[in-house]
Amino acid sequence: MRAVFIRFIDCEGPGILEPLLREAGYRVSYQNAYDRRIHLMPEIHLNFDLIVMLGGPQSVADPNEQEFFKPYYDIVKNLVALPNKKLIGICLGSQIIAKALGANVRPGTKGPETGFSDLQILKPEHPIFSGIQKESVLAFHLHEDIFDIPVGAEHLLASDFYANQMFAYKNRIFAFQTHLEPTLEMLNVWQSVHKDFIAKGNGDFSEIANKQKVMAETAKTIFRNIIKL
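With UniProt numbering applied, the sequence shown corresponds to residues 1 to 229, in that order.
Simulated from the structure, these hints should not be mistaken for laboratory data.
Computed from a predicted structure; not experimentally measured.
For every residue, glycine included, the Cβ atom is placed at its ideal position computed from N, Cα and C.
Hints may be right or wrong, so weigh each one.
Restraint-style ranges between C-beta atoms, simulated for each label pair [what the hints assert, rightly or not]:
id, residue 1, residue 2, range
1, 205, 67, 34 to 40 Å
2, 170, 124, 15 to 21 Å
3, 152, 124, 18 to 24 Å
4, 107, 132, 27 to 33 Å
5, 67, 46, 22 to 28 Å
Required output: the full structure, derived from the provided sequences and hints.
See the structure below:
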């Protein structure tokens, strides 16, 4: 099996997700969308069993970026028609999925959502939550744009700040507005790279090492369940 990570900024990589894929027998490749000299691999939806679109500073809500995003919208639309393929979108990747599925993506009225918070599990019976005995999971946020839940999708995670944090579509396409994937090293880098954006929010950045460890425990379960579906 083959998986590809599409990165929209170099510091937002796969985190804990890559070793889980390798553990499951996937060969892993990368596509660096932030390098605009590089063109998207032709028919990428046919060449990989799993595509993961990661986070980045670009905005799906920016009308001037639509030409850049068009190939990624096309990936989503193509994968919808292929029953044996999976797609995971994280942060910007989730917004690409939402828009490609016809949902509205826009800046949130409360401003940036940053730092750690608990997310409510809305459908604990869903198979991606198998093995999780809690009503919420700890997650990390670094976004301002938000999405509506597309028609036909299942709303699975919610926060008090912005309700729409995750949805699944046909149990093959999974969109996470929130971040579950960061390692501690990634979070430390993000605090420097994204310091100006973080300063606009009021998020919880206390006890990062301990909270990342707690977050990773449930995140690994969720990602492993998605991989097995």
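Right, here's what the structure says about each hint:
1. 205 - 67: 34 to 40 Å: Holds: the Cβ-Cβ distance is about 36 Å, inside 34 to 40 Å.
2. 170 - 124: 15 to 21 Å: holds (20 Å)
3. 152 - 124: 18 to 24 Å: holds (21 Å)
4. 107 - 132: 27 to 33 Å: holds (31 Å)
5. 67 - 46: 22 to 28 Å: holds (23 Å)
Of the numbered hints listed earlier, not one is contradicted by the structure.
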